[in-house]
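**Q** Residues per chain are reported as follows:
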Amino acid sequence: DTAVSQTPKYLVTQMGNDKSIKCEQNLGHDTMYWYKQDSKKFLKIMFSYNNKELIINETVPNRFSPKSPDKAHLNLHINSLELGDSAVYFCASSQFPVSDTQYFGPGTRLTVL
Amino acid sequence: DQQVKQNSPSLSVQEGRISILNCDYTNSMFDYFLWYKKYPAEGPTFLISISSIKDKNEDGRFTVFLNKSAKHLSLHIVPSQPGDSAVYFCAATSTTSGTYKYIFGTGTRLKVLA
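Residue numbers (this note's numbering), protein chains in the order written: chain A, 1 to 113; chain B, 1001 to 1114.
Honestly, I wouldn't trust all of these hints.
Stated by the list, open to error - Derived DSSO-like pairs: lysine-lysine, alpha-carbon spacing no greater than 30 Å straight-line: (1) B:K1068 to A:K41; (2) A:K19 to B:K1068; (3) A:K22 to B:K1056; (4) B:K1111 to B:K1054; (5) B:K1111 to A:K41; (6) A:K67 to B:K1068; (7) B:K1101 to A:K52; (8) B:K1056 to A:K41; (9) A:K71 to A:K44; (10) B:K1111 to A:K71; (11) B:K1054 to A:K44; (12) A:K44 to B:K1071; (13) A:K52 to A:K41; (14) B:K1005 to A:K41; (15) B:K1071 to A:K36; (16) B:K1111 to A:K36; (17) A:K40 to B:K1068; (18) A:K41 to B:K1071.
Unchecked claim - Restraint ranges, calculated between C-beta atoms of paired labels, are given here: (19) B:S1074 to A:S20: 38 to 46 Å; (20) A:E58 to B:K1005: 17 to 25 Å; (21) B:S1010 to A:G16: 20 to 28 Å; (22) A:T2 to B:M1029: 31 to 39 Å; (23) A:T13 to B:R1109: 25 to 33 Å.
Because the hints were derived from the structure by calculation, they are not lab data. A virtual CB, placed ideally from N, CA and C, is assigned to each residue, including glycine.
So here's chain A without its partners, still in its complex pose (with noise of 0.2 Å):
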């Protein structure tokens, strides 16, 4: 009964290749989130849905592309991954946008070799 669950944990991967990560939530929650973190640690936000509405859109390559099939699925589709990409991404839910406690998943390590 996980609240955010993220699929794959681990993900390997060649320059160049396309790969998705999904999220789910199960807590009702209107927004979701899609965050980086980096080799430096910090915890960078990349994407936000309410409704299934962008609500934040960062500078990120076009090359990411969320998609909101739903209020309770998130998923992240990178194409033509770069060794730059290799991060920890989170995906975290709340009830509203800003103002409220984010529930996060537990991350993905994407290594790209």
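With chain A's structure known, arrange chain B on it following the hints.
**A** For chain B alone, coordinates are given in the frame of chain A:
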């Protein structure tokens, strides 16, 4: 441009003593602050928050203090327990800017020694 800074990457404290974790911010528009705790191989979990209309918020062993004039907040853990050993992130946001995002610090690794 690091708007939220945690200048101490690590901190060691004896069990039973007080742990004080610090966080500084530069954006005067920030008016809501949170602390998250993170264990290895897990996502961050919410710990405690404070709005800028307060200068203190307490929840059990955890107290967050906010000094708006200094743009500084701190998390006090009393008494510290070995299970508190984790990485602690502070985060800040502006509830009036409409940006809907939190800015996180780089974290402080707390080790509580038994």
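**Q** All hints are to be evaluated individually against the structure, with a verdict given for each.
**A** A quick look at each hint next to the structure:
1. As the CA atoms of K1068 (chain B) and K41 (chain A) are separated by approximately 26 Å, the hinted pair is consistent with the 30 Å bound.
2. For a cut-off of 30 Å, the pair hint linking K19 (chain A) to K1068 (chain B) is broken: about 43 Å separates their Cα positions.
3. Between K22 (chain A) and K1056 (chain B) the alpha-carbon distance is near 38 Å, which puts this suggested pair outside the 30 Å criterion.
4. Distance hint between K1111 (chain B) and K1054 (chain B) is fulfilled; the C-alpha atoms sit about 29 Å from each other, no more than 30 Å.
5. Under the criterion of a C-alpha separation no larger than 30 Å, the hint pairing K1111 (chain B) with K41 (chain A) is consistent with the structure, at around 18 Å.
6. Between K67 (chain A) and K1068 (chain B), the direct Cα distance comes to roughly 38 Å. Violation of the 30 Å bound is thereby established for this hinted pair.
7. With a C-alpha separation of about 17 Å, the suggested pair K1101 (chain B) and K52 (chain A) falls inside the 30 Å cut-off, and the hint holds.
8. Taken as a hint, the K1056 (chain B) and K41 (chain A) pair is honoured in the structure, with Cα atoms around 28 Å apart against an allowance of 30 Å.
9. Straight-line distance between C-alpha atoms of K71 (chain A) and K44 (chain A) comes to about 22 Å, which keeps the hinted pair within the 30 Å bound.
10. Between K1111 (chain B) and K71 (chain A), the direct Cα distance comes to roughly 38 Å. Violation of the 30 Å bound is thereby established for this hinted pair.
11. Of the pairs offered as hints, the one joining K1054 (chain B) and K44 (chain A) holds, with about 26 Å between alpha carbons and a cut-off of 30 Å not exceeded.
12. Restraint check for K44 (chain A) and K1071 (chain B): satisfied, since their Cα atoms lie roughly 21 Å apart, inside the 30 Å limit.
13. Proposed proximity of K52 (chain A) and K41 (chain A) is supported: the alpha carbons are some 28 Å apart, at most 30 Å.
14. About 12 Å separates the Cα atoms of K1005 (chain B) and K41 (chain A), which keeps this hinted pair within 30 Å; it holds.
15. Distance restraint check for K1071 (chain B) and K36 (chain A): the Cα-Cα separation of roughly 26 Å lies within the 30 Å cut-off, and the hinted pair is therefore satisfied.
16. Taken as a hint, the K1111 (chain B) and K36 (chain A) pair is honoured in the structure, with Cα atoms around 25 Å apart against an allowance of 30 Å.
17. Restraint check: the Cα-Cα separation between K40 (chain A) and K1068 (chain B) comes to about 27 Å, which is no more than 30 Å; the hinted pair holds.
18. At most 30 Å may separate the alpha-carbon atoms for a hinted pair to count; K41 (chain A) and K1071 (chain B) meet this at roughly 22 Å.
19. Between S1074 (chain B) and S20 (chain A) the C-beta distance comes to about 40 Å, which sits within the given range of 38 to 46 Å.
20. For the pair E58 (chain A) and K1005 (chain B), the beta carbons lie near 19 Å from each other, so the given range of 17 to 25 Å is met.
21. Between S1010 (chain B) and G16 (chain A) the C-beta distance comes to about 37 Å, which lies outside the given range of 20 to 28 Å.
22. Checked against the hint of 31 to 39 Å, the pair T2 (chain A) and M1029 (chain B) passes, with Cβ atoms roughly 35 Å apart.
23. Between T13 (chain A) and R1109 (chain B) the beta carbon distance is about 29 Å. The supplied range of 25 to 33 Å therefore holds.
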